[in-house]
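Protein sequences, first through last, are from chains A and B. Just so you know, the first sequence maps onto residues 1 to 368 in my numbering. Just so you know, the second sequence maps onto residues 1 to 272 in my numbering.
Rather than coming from a laboratory, the hints here were simulated on the basis of the structure. Check before you lean on any hint, since a few could be wrong.
Calculated cross-link-like contacts (lysine to aspartate or glutamate; reagent style EDC-like; alpha-carbon spacing at most 16 Å) [stated by the list, open to error]:
#1 A:K197 to A:E179
#2 B:K38 to B:E52
#3 A:K149 to B:E266
#4 B:K98 to A:D33
#5 A:K131 to A:D171
#6 A:K149 to A:D171
Here the structure is a predicted model, which means the values were calculated and not measured.
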Amino acid sequence: MSSVAASALSDSSAVSKTPRPVLQLVDVRKVFDGFAAVDGISLDIEEGEFVTIVGPSGSGKTTLLRMLAGLESPSEGYITLRGELINDVPSNRRPTCLVFQSLALFPHMTVGDNIEFPLRVRKMAPEERRKRALELMAKVRLPEDYYSKNVMLCSGGEKQRVALARAFAYDPDVLFFDEPLSALDYKLKKLLEKELKDLHRESGKTFVYITHSLEEAMVMSDRIGVMRAGKVVQIGTPEQIYSTPADRFVAEFFGEVNVVPIRRADGGWLRRDGKPVAVAPDVSIDGDEASVVIRPEYMRFVTEEAGADNTLTGTIFNEYSLGSRLQYQVRSRTGRTFLIEVPRAAAWKGNGEVTIGWDAGNAIVVGG
Amino acid sequence: MQTVGRTRTHFLIRAWTAFVVLAIYLPIACGALAGLSKGRYFAFPIRIFSTEWWGKTWDSFEIHVLVQNSVLIALIVTVLSVLFAFFGALAFARYPWKGRRAFQRLLLLPIFFPQPVLGLALLLWFNALGISPTWKTAVVAHLVWIVPVVTLVIAIQVFSFDPVLEEAASDLGASRLFTLRTVTLPILWPGIWSGALFAFLLSWGNFPLSLYTAGADSTIPKWLYSKMVAGYTPMVPALGTMSTLTAAALLLGGGLVRFLLRRRAELRAREG
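All chains, please: the whole structure from these sequences, using the hints.
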């Protein structure tokens, strides 16, 4: 029954593209006890792509990944790998490999045994396995003498590398990552992000990565999908997601932003306080309610010499140093808090009341 | 001041340790000595020492049969109970299912049931089913009581086992059987070993269940008891001492084997 559906799927010209996607999801749903953890996702992942799915916890991203890896099967919809339906193909028969959040290293084995595990499954000869394991260890920058080290005695970063080498030993077509870097400290995380990106480029394999961290997604991905409540709200390049978020959720998810609710009036837009708002001419919103999203770095102090399209007055009540930049929290007269970030050279000298503003071209208008 | 305190603490620790060792080993030593007495009756001080009773015990055909029975029962009980308990422990510690908690409680109940009553009840059952009690029925009786204990022991290990490891193994291409052999079992081995040890010792030393359900077949505890009640001979303490020494030898041997295995593994790792 399902194979009929699969052939119907691959015959349909509506979904076929060139190059043909490695992984294709069509209306995939996963329901647990009446709750749809994944609620109708359609997605094409191209050969050699680095796709990151971001979303807050509980958005269904891990469930999605588990379905792709074969650890869960979808309640509805189709998942195809190179055109073949894999909905019910168990994880050990899929040419895919998942790097778990906990890494799931085998605690009773050495580093070498861990890496060789998939090779042992394939009955590769011991000397050959060892050779391959050492190659992979070099690739992920693990010292050779770690081969016979107890894996539980490795540090967090080293364990990460062992998990990566083990996944590569399986030689999968697609690698999945379930927030493997989330437990590491900032510096190590940054380093491993870059190394992962390098590995992706060198190996030419398709990577699907899951995280709740915007930064991680931005650094590594070719494309980012944003998930919310079981759905993909937006998918695009990091640049697209950053500069043209589909809605307020995406905009807010991608870091600290200022949100000004606006409503339509007489062909223009008004703020809550009744003042008109200048928006970019290419803005097209369907409803009557919308939000202006302004990133803190696009807000600035307004003076007589340097005006702005939109302004508001308030008082500074907090100042943070971000190193080369300064961030201020300004409370407006209506009680809203705005964030404004300026280079250290442009630090605010005065006291008390300030006027801040933004230009229409630097703001994003999203529906709702 | 402080050194005085520390010295006193050290003294107390040593005194306590000595007391515990004495409390445990004095009775055993007394038993051992009683077996070495030439006299027919259990009495201290011992007038004349002799290995006569040891020799008699060692040569006795009756004792041979007893030891055989006890070892056979304990071995069969160990194998079967570990098998049942392993899967039982996996079932309630590893997989969520309806009635899992009830199963856990029901499983615990026989442990708290007084053994003589359990033995009697089982004997009545065997009679009702027309099975005449032998050492085989004793195996069944032992299992009823020992499987729950071993299940608990193994479950402790299973609870700390991360099921993600099995998923990871499968994701790396391993079949269920391969995963069981290379991941699940090796990680659960310590629990299985302690379960097996418990099973053997509980069966080996069990008296009330054997009394009721072994029928005409005797086991070491059964024989010891009957001789204590009527017809004491110094073979009783001699046999008791022998089994203690055997257990000690087994433990030492097991420790030695483990030590050697570990050293071999370390050497191999260093060479590799």
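We went through each hint and held it up to the structure:
1. A:K197 to A:E179: holds, 15 Å
2. B:K38 to B:E52: Given that 16 Å is the threshold and the Cα spacing comes to 7 Å, the pair holds.
3. A:K149 to B:E266: holds, 11 Å
4. B:K98 to A:D33: Measuring from Cα to Cα gives roughly 14 Å; hence the hint holds.
5. A:K131 to A:D171: This hinted pair holds, its Cα atoms lying about 15 Å apart.
6. A:K149 to A:D171: violated, 23 Å
Violated hints amount to a single one, hint 6; each of the other numbered hints is respected by the structure.
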